[in-house]
Each structure stands twice: as C-alpha cells, then as structure tokens.
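In order, the protein sequence lines correspond to chains B and H. For the first sequence, counting from 1, position 83 maps to 83 in UniProt numbering; every step adds exactly one. For the second sequence, counting from 1, position 92 maps to 92 in UniProt numbering; every step adds exactly one.
If you are wondering where the hints come from, they were derived from the structure by calculation, not from laboratory data. Fair warning: there could be bad hints in the mix.
Said to hold, decoys possible - Here are the computed lysine-lysine pairs in the DSS-like style, where the Cα-Cα straight-line distance is at most 25 Å:
{"#": "1", "chain 1": "H", "residue 1": "Lys2", "chain 2": "H", "residue 2": "Lys133"}
{"#": "2", "chain 1": "B", "residue 1": "Lys167", "chain 2": "H", "residue 2": "Lys181"}
{"#": "3", "chain 1": "H", "residue 1": "Lys246", "chain 2": "B", "residue 2": "Lys253"}
{"#": "4", "chain 1": "H", "residue 1": "Lys180", "chain 2": "B", "residue 2": "Lys167"}
{"#": "5", "chain 1": "H", "residue 1": "Lys13", "chain 2": "B", "residue 2": "Lys171"}
{"#": "6", "chain 1": "B", "residue 1": "Lys251", "chain 2": "H", "residue 2": "Lys212"}
{"#": "7", "chain 1": "H", "residue 1": "Lys39", "chain 2": "B", "residue 2": "Lys251"}
{"#": "8", "chain 1": "B", "residue 1": "Lys18", "chain 2": "H", "residue 2": "Lys276"}
{"#": "9", "chain 1": "B", "residue 1": "Lys95", "chain 2": "H", "residue 2": "Lys116"}
{"#": "10", "chain 1": "B", "residue 1": "Lys253", "chain 2": "H", "residue 2": "Lys181"}
{"#": "11", "chain 1": "B", "residue 1": "Lys213", "chain 2": "H", "residue 2": "Lys133"}
{"#": "12", "chain 1": "H", "residue 1": "Lys274", "chain 2": "B", "residue 2": "Lys18"}
{"#": "13", "chain 1": "B", "residue 1": "Lys253", "chain 2": "H", "residue 2": "Lys276"}
{"#": "14", "chain 1": "H", "residue 1": "Lys302", "chain 2": "B", "residue 2": "Lys253"}
{"#": "15", "chain 1": "B", "residue 1": "Lys167", "chain 2": "H", "residue 2": "Lys13"}
{"#": "16", "chain 1": "B", "residue 1": "Lys95", "chain 2": "H", "residue 2": "Lys133"}
{"#": "17", "chain 1": "B", "residue 1": "Lys159", "chain 2": "H", "residue 2": "Lys302"}
{"#": "18", "chain 1": "H", "residue 1": "Lys212", "chain 2": "B", "residue 2": "Lys253"}
{"#": "19", "chain 1": "H", "residue 1": "Lys180", "chain 2": "B", "residue 2": "Lys159"}
{"#": "20", "chain 1": "H", "residue 1": "Lys57", "chain 2": "B", "residue 2": "Lys171"}
{"#": "21", "chain 1": "B", "residue 1": "Lys18", "chain 2": "H", "residue 2": "Lys116"}
{"#": "22", "chain 1": "H", "residue 1": "Lys13", "chain 2": "B", "residue 2": "Lys159"}
{"#": "23", "chain 1": "B", "residue 1": "Lys222", "chain 2": "H", "residue 2": "Lys116"}
{"#": "24", "chain 1": "H", "residue 1": "Lys133", "chain 2": "H", "residue 2": "Lys76"}
{"#": "25", "chain 1": "H", "residue 1": "Lys57", "chain 2": "B", "residue 2": "Lys167"}
{"#": "26", "chain 1": "B", "residue 1": "Lys159", "chain 2": "B", "residue 2": "Lys171"}
{"#": "27", "chain 1": "H", "residue 1": "Lys57", "chain 2": "H", "residue 2": "Lys13"}
{"#": "28", "chain 1": "B", "residue 1": "Lys159", "chain 2": "H", "residue 2": "Lys276"}
{"#": "29", "chain 1": "B", "residue 1": "Lys222", "chain 2": "H", "residue 2": "Lys133"}
{"#": "30", "chain 1": "B", "residue 1": "Lys199", "chain 2": "B", "residue 2": "Lys50"}
{"#": "31", "chain 1": "H", "residue 1": "Lys2", "chain 2": "B", "residue 2": "Lys251"}
{"#": "32", "chain 1": "H", "residue 1": "Lys133", "chain 2": "B", "residue 2": "Lys251"}
{"#": "33", "chain 1": "H", "residue 1": "Lys276", "chain 2": "H", "residue 2": "Lys264"}
{"#": "34", "chain 1": "H", "residue 1": "Lys274", "chain 2": "B", "residue 2": "Lys253"}
{"#": "35", "chain 1": "H", "residue 1": "Lys264", "chain 2": "B", "residue 2": "Lys251"}
{"#": "36", "chain 1": "B", "residue 1": "Lys251", "chain 2": "H", "residue 2": "Lys302"}
{"#": "37", "chain 1": "H", "residue 1": "Lys265", "chain 2": "B", "residue 2": "Lys253"}
{"#": "38", "chain 1": "H", "residue 1": "Lys57", "chain 2": "B", "residue 2": "Lys251"}
{"#": "39", "chain 1": "H", "residue 1": "Lys212", "chain 2": "B", "residue 2": "Lys167"}
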Amino acid sequence: MNILVCIKQVPDMESRFKVNGTGDWYDEADLAYRMNEYDEYAVEQAVQLKEQLGNQPEITVLSIGADRVGEALKKALAMGCDKAVQVQDNDSARKDPWQIANIIAAYAGDKDFDVIFTGMQSQDRGSAQVGVTVAELLGHNCASTLVGFEYADGVVTAKRELEGGVKSVVKVPVPALVTCQLGLNVPRYPTLPNIMKAKKKELQLVPVASLLKEEAATGTEKLYPPVKSGGGIVLEGDLGDVADRLLGILKEKTTVMK
Amino acid sequence: MKALLVCEQREGKLLDTSYELVAFAERLGAEVSLVLVGKEAQAPQVAGKLYLADVDKYGEYSPELHKHIVVAAVLKENPDYIIFPHSSYGWDLAPRVAATLRVGQVSEVVNIVDGKLEVSLCNGKLRRTVSPKGARAVLTVQAGAFNYAGQKSGAPQVEAIEISQGSSALQFVGYEPAEKKEVDLGRAEIIVSAGRGVGKKENVAVIADLAKAFGGELGASRPVVDAGWVGHSHQVGTTGQTVSPKLYVACGISGAIQHLAGMKKSDFIVAINKDKEAPISEAADVMVVADVLQLAPVLAEKLRAA
C-alpha cells in the first residue's frame with residue numbers, strides 16, 4: 001500500500017497579524033509557523049494505518065512552500081512518515097486552492113496512492129477545498145470531515161461529522177482521499193529517537209513550475225482587519241472593581257439579573 | 001445576475017440554511033433558482049424555479065450523484081453563481097461541482113462589501129475580499145451570516161431533474177445520532193462558556209461554578225470538547241449548538257469564526273479574555289480584559305452575595 005499525506009505550514013493563530021505593504025496578504029515577517037492543526041490528525045491517521053498493516057505501507061508526506069516548510073515536514077517524518085516532498089514555492093500564499101490542488105494532483109497523478117490524507121481545512125485560509133478538489137482531479141473516491149477512520153480489505157469506513165453532533169457513516173473503496181476533522185485521533189508527540197531518525201529520512205525537492213500548469217481561479221483583492229462593530233465597553237483593572245462594574249452593567253442592560 | 005441555490009435536507013427535513021442562501025441571493029440582487037435532492041413536500045417556500053431530484057433514487061448522501069444533479073441544473077439554468085451552505089454538505093459537494101465545471105470557488109462568504117465577496121481568515125483576525133476570475137463561480141455561505149426575514153409562503157415552480165449516472169462508489173451506511181444531551185443549551189437564558197484559555201480540565205470547574213452562580217448553564221468551545229474536558233452537548237458553534245440566550249459569557253474563548261457563528265445572536269455578550277484584541281471582542285458588548293481564572297471566583301462570590 002502506498003499512502004500520501006498532504007500538510008500545510010501555517011502561522012500560529014495566536015500571532016498578531018499585520019497587513020503587508022501591498023495590502024493583499026498578511027506580512028509574513030516575525031510570524032511563528034507550525035503544522036496546520038487539522039493536518040496533524042491526517043499524519044497521525046496515516047501512521048496508524050501503516051501500523052495496522054504491519055508497517056508495510058510507505059507514507060509520503062508532501063508540503064508546498066518556501067524552505068521553512070521543511071520544519072513541518074520534519075515533524076511529520078518524526079511522527080512516522082517515511083519520506084518527504086517539498087514542492088518549492090516562495091509564493092505559495094498567493095496560489096489559490098484550485099492551483100494548490102492541481103499541484104498536488106500533478107505530483108500524485110502517476111504514483112498510485114491508495115489512500116491520501118489531508119486536513120479538512122487550513123487554519124489560515126479555511127477554504128475547505130483542496131482535499132476534495134484533489135480527489136476530483138485524480139478521480140479518487142472521497143469522504144470529508146472525518147471523526148472516525150477504519151480500514152479493512154480495500155475499504156475505508158469513514159465517520160463524517162455533520163452539524164449538531166450528528167455523524168454519518170460511509171464506506172469508501174480505495175483509491176480514496178479523506179479529509180480529517182479535529183478530534184479524529186490523538187496526534188502523537190515525536191519522541192527524541194524518532195526525531196533523530198527523521199533526520200536520515202529522504203527529503204525530495206520538486207520545483208513548483210514542474211507541477212503547476214493552471215492559472216488561479218480566484219484572487220484576493222484586499223486584506224484588512226475586521227471592522228470593529230464599536231460600542232463594546234472595555235473593562236480592565238482591579239478585579240473586584242471590574243466585577244462590580246460588570247454586574248452594574250448587566251443589571252442595567254439585561255433582564256436576567258435579579 | 002442569476003444564482004442557483006443548492007438546498008440541503010436531512011432525514012426528510014429541509015435545513016434552515018436553505019433560507020439563508022435565499023437571503024444571501026437577495027443581498028446579491030440575484031434572480032434565484034433552487035436545486036434540492038429531496039421530496040416535493042420539503043421544498044423551500046419561496047418563489048423561483050426548483051430543480052428537484054428524488055432522494056429515494058439518488059440517496060441521502062451520495063456526493064457523486066448529487067454533483068451530477070447540481071451540474072445538470074447548472075446546464076439548464078446557466079447561473080452566474082452556484083451557492084451552497086458552508087456546512088458539512090457544502091464543504092463536501094461544492095469543490096466537486098467547482099472542479100467538474102472548472103470554475104473558481106470562494107468559501108465561507110461572510111459579507112458583501114462594495115459588491116465584493118468578503119471572507120474571513122486566520123480565526124477571524126483578518127478579512128479579505130475575493131474575486132472569482134471567470135464569469136461563473138461556486139460560493140459557500142457562512143451559517144448564520146445572512147438572515148432570511150421574508151415570509152415562508154412562496155411556492156416554487158418544481159421541475160423534476162434526472163441524471164443518467166445511476167450508481168455511486170460510496171456507500172452511505174446511516175446516521176449516528178448525537179450523544180444523549182447532558183444539557184439543553186437551546187433553552188438556557190444564561191450560558192457561561194469555557195474556552196481553551198482556561199488551560200486545563202480541572203479549571204473547567206471554576207467556569208462551571210460561575211455558570212451556577214449566574215443561574216445559567218455551562219457551554220464550551222470546540223477545543224474544550226475535543227480535549228474531553230466536557231461532553232459534546234455543551235459545545236457552542238457550527239458543529240455544536242447555535243444558541244441565542246439573553247446573556248452569554250465567553251470565558252477564555254478567542255472567538256474562532258465557528259464559535260462566533262454559534263453565539264453571536266445572543267442578546268448580550270460578555271467576553272473575559274487576557275487578549276484585548278481577541279476576535280471575540282468583535283461580538284462582545286462588554287470586553288473584560290482579565291485572567292478569567294482569577295476573575296471568575298470573585299464574580300461568583302459577588303453574584304452569590306447579591
């Protein structure tokens with residue numbers, strides 16, 4: 001069996017974001033980057049599948065971006081992936097989901113992956129498109145938003161998360177692509193021996209131009225912080241004082257304080 | 001401008017998001033047609049043409065077939081926009097339709113600003129306007145962002161739609177109902193919710209005690225539920241419950257867009273957070289800048305003394 005995991009490196013969401021000089025993206029300087037949270041579940045599920053199948057499958061982990069994505073790839077290798085592919089692109093933030101999906105599909109096209117794992121969305125863009133689009137481009141079966149994954153005899157039994165706590169169960173024959181939701185599993189922490197081992201694993205570099213033949217289908221016009229609705233009262237200072245002022249406001253403005 | 005709205009039903013019931021699509025199309029000023037894999041009895045009660053495919057024939061969840069049904073409606077109607085709810089159904093189906101039509105997709109539209117589609121990114125800390133490059137585009141619309149204020153009394157003009165593709169490789173096994181509810185947040189007048197900012201499971205008790213002092217119920221954001229600190233029935237947000245109590249107190253919740261969509265219709269919102277700039281401040285009537293673990297016991301004591 002041949003497994004692919006697609007991961008993205010994203011800024012830490014706790015960061016303070018600044019708009020860049022051209023006003024169409026955030027300034028990437030001074031940001032700390034990490035593996036997209038959803039993709040950690042994708043990596044973990046791939047490694048669990050490999051373990052279930054007696055460690056026979058080979059897992060390739062792929063990321064698109066500048067050299068900094070090597071850190072995210074190393075983490076995935078330390079979690080148990082076998083080899084890494086960096087699609088080199090210093091301008092990946094400007095690629096739209098359609099182009100990103102086309103890059104991945106172009107890479108995967110001739111490699112006969114049986115199962116492809118992606119996160120259900122990225123924490124920065126949150127478009128929830130790339131995984132499903134890759135499946136469409138490759139003609140693979142696809143199930144999205146997984147909170148449960150089982151594999152037996154060439155069929156993935158997927159538990160999809162719907163709204164209001166309801167789930168739906170679907171059976172998906174391979175080749176299949178699944179997109180992973182938070183809570184699917186418990187992503188492992190790389191151990192020190194595995195971090196050391198990961199350093200010896202293969203990292204393949206592929207220039208983006210060799211894979212991307214598509215123009216963007218959408219473009220960012222302008223990026224800006226949300227307009228504050230205003231009118232919100234800000235309270236800060238001594239705790240007892242803040243508590244008194246808050247309760248005063250609640251008595252005045254709501255009907256629920258007796 | 002023409003918009004084709006992809007409505008959603010589950011187990012014989014039309015989902016309300018279908019009406020939110022109508023509200024969004026009205027904001028766009030678009031002429032509306034609809035498509036539904038369901039039954040005529042569930043048809044949205046609005047004017048316009050409804051392309052109806054029989055759910056008994058094409059399946060409750062059969063994305064391959066649903067994709068071909070939407071594409072067939074697109075070929076008949078020739079819309080500028082094909083619009084889905086940004087829900088588990090839309091996430092799954094919209095990219096399939098966009099890829100088949102080879103058109104761009106703009107996900108989770110939250111607003112229309114100067115005629116441009118606005119979307120949120122980085123947990124609501126930034127916004128951007130996005131333009132599709134081609135003449136036609138697929139859109140998904142954030143749940144709760146557009147309210148339908150019109151009457152639900154129109155009658156669509158129903159046209160049955162059939163496709164030649166008959167089978168799907170995916171086999172829908174069935175639904176698994178939500179866990180038994182420990183709490184019914186939908187009926188609570190006061191909800192006090194714990195977020196990732198409370199730090200660890202033991203600290204949830206501090207927030208639960210504040211909820212009790214308020215005479216309210218304990219809510220939670222998704223990370224708190226995923227970590228197993230509280231049960232799923234406490235979860236507020238698009239994948240949990242959408243609530244609108246008279247008072248909502250968000251404790252250590254940064255305000256991810258999925259959480260905001262689930263609580264922003266509350267009558268009065270208090271946020272307690274160390275970070276004044278946290279996105280929750282956008283929705284809050286009162287933003288308390290404090291460590292909630294220190295403030296909550298003080299507040300609970302004063303509530304009990306009052």
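Do the hints match the structure? See the list:
The hinted pair formed by Lys2 of chain H and Lys133 of chain H meets the criterion: a straight-line CA distance of about 17 Å does not exceed 25 Å. For a cut-off of 25 Å, the pair hint linking Lys167 of chain B to Lys181 of chain H stands: about 15 Å separates their Cα positions. Note on Lys246 of chain H and Lys253 of chain B: the hinted pairing holds, with a Cα-Cα distance of about 10 Å set against a maximum of 25 Å. For the given pair, Lys180 of chain H sits about 13 Å from Lys167 of chain B by alpha-carbon distance, which is consistent with the 25 Å threshold.
For a cut-off of 25 Å, the pair hint linking Lys13 of chain H to Lys171 of chain B stands: about 24 Å separates their Cα positions. Our distance criterion of 25 Å between C-alpha atoms is met by Lys251 of chain B and Lys212 of chain H, whose separation comes to about 17 Å. For a cut-off of 25 Å, the pair hint linking Lys39 of chain H to Lys251 of chain B is broken: about 49 Å separates their Cα positions. Taking the CA atoms of Lys18 of chain B and Lys276 of chain H, the gap is near 16 Å; set against the 25 Å cutoff, the hint holds.
Using a Cα cut-off of 25 Å, the hinted pair Lys95 of chain B and Lys116 of chain H holds, with the two alpha carbons roughly 20 Å apart. Taking the CA atoms of Lys253 of chain B and Lys181 of chain H, the gap is about 31 Å. The hint is violated against a cut of 25 Å. This hinted pair checks out: Lys213 of chain B and Lys133 of chain H have alpha carbons roughly 16 Å apart, not beyond 25 Å. Distance restraint check for Lys274 of chain H and Lys18 of chain B: the Cα-Cα separation of roughly 20 Å lies within the 25 Å cut-off, and the hinted pair is therefore satisfied.
With a CA separation close to 22 Å, the supplied pair Lys253 of chain B and Lys276 of chain H stays within the 25 Å bound. Restraint check: the Cα-Cα separation between Lys302 of chain H and Lys253 of chain B comes to about 18 Å, which is no more than 25 Å; the hinted pair holds. With a CA separation close to 16 Å, the supplied pair Lys167 of chain B and Lys13 of chain H stays within the 25 Å bound. Restraint check for Lys95 of chain B and Lys133 of chain H: the C-alpha separation of about 13 Å stays at or below 25 Å, so the hint holds.
With a CA separation close to 46 Å, the supplied pair Lys159 of chain B and Lys302 of chain H exceeds the 25 Å bound. The hinted pair formed by Lys212 of chain H and Lys253 of chain B meets the criterion: a straight-line CA distance of about 21 Å does not exceed 25 Å. In summary, the hint linking Lys180 of chain H to Lys159 of chain B is supported, as the alpha carbons are separated by about 18 Å, within the 25 Å threshold. Taken as a hint, the Lys57 of chain H and Lys171 of chain B pair is honoured in the structure, with Cα atoms around 19 Å apart against an allowance of 25 Å.
Between the alpha carbons of Lys18 of chain B and Lys116 of chain H the distance comes to roughly 22 Å, so the proposed pair stays at or under 25 Å and holds. Distance restraint check for Lys13 of chain H and Lys159 of chain B: the Cα-Cα separation of roughly 21 Å lies within the 25 Å cut-off, and the hinted pair is therefore satisfied. With a CA separation close to 10 Å, the supplied pair Lys222 of chain B and Lys116 of chain H stays within the 25 Å bound. Between Lys133 of chain H and Lys76 of chain H the CA atoms are separated by roughly 22 Å; this keeps the pair inside 25 Å, and the hint holds.
Simply put, Lys57 of chain H and Lys167 of chain B have alpha-carbon atoms about 22 Å apart, close enough for the 25 Å limit, and the pair holds. Under the criterion of a C-alpha separation no larger than 25 Å, the hint pairing Lys159 of chain B with Lys171 of chain B is consistent with the structure, at around 9 Å. This hinted pair checks out: Lys57 of chain H and Lys13 of chain H have alpha carbons roughly 17 Å apart, not beyond 25 Å. The suggested pairing of Lys159 of chain B with Lys276 of chain H is violated, with an alpha-carbon distance near 38 Å, which exceeds 25 Å.
With a C-alpha separation of about 15 Å, the suggested pair Lys222 of chain B and Lys133 of chain H falls inside the 25 Å cut-off, and the hint holds. Annotation: proposed proximity of Lys199 of chain B to Lys50 of chain B holds, straight-line Cα distance about 20 Å (limit 25 Å). For the hint pairing Lys2 of chain H with Lys251 of chain B, the CA-to-CA distance comes to about 49 Å; that exceeds 25 Å, so the pair is violated. In summary, the hint linking Lys133 of chain H to Lys251 of chain B is not supported, as the alpha carbons are separated by about 52 Å, beyond the 25 Å threshold.
A hinted pair counts as satisfied when its Cα atoms are at most 25 Å apart, and Lys276 of chain H with Lys264 of chain H qualifies at roughly 18 Å. The suggested pairing of Lys274 of chain H with Lys253 of chain B holds, with an alpha-carbon distance near 24 Å, which does not exceed 25 Å. Straight-line distance between C-alpha atoms of Lys264 of chain H and Lys251 of chain B comes to about 20 Å, which keeps the hinted pair within the 25 Å bound. For the proposed pair Lys251 of chain B and Lys302 of chain H, the alpha carbon gap of about 13 Å is at most 25 Å, so the pair holds.
For the hint linking Lys265 of chain H to Lys253 of chain B, the alpha-carbon distance of about 16 Å falls within 25 Å, and the restraint holds. Taken as a hint, the Lys57 of chain H and Lys251 of chain B pair is broken in the structure, with Cα atoms around 57 Å apart against an allowance of 25 Å. Annotation: proposed proximity of Lys212 of chain H to Lys167 of chain B is violated, straight-line Cα distance about 31 Å (limit 25 Å).
The structure fails to meet hints 7, 10, 17, 28, 31, 32, 38, 39 from the earlier list, while all remaining hints are met.
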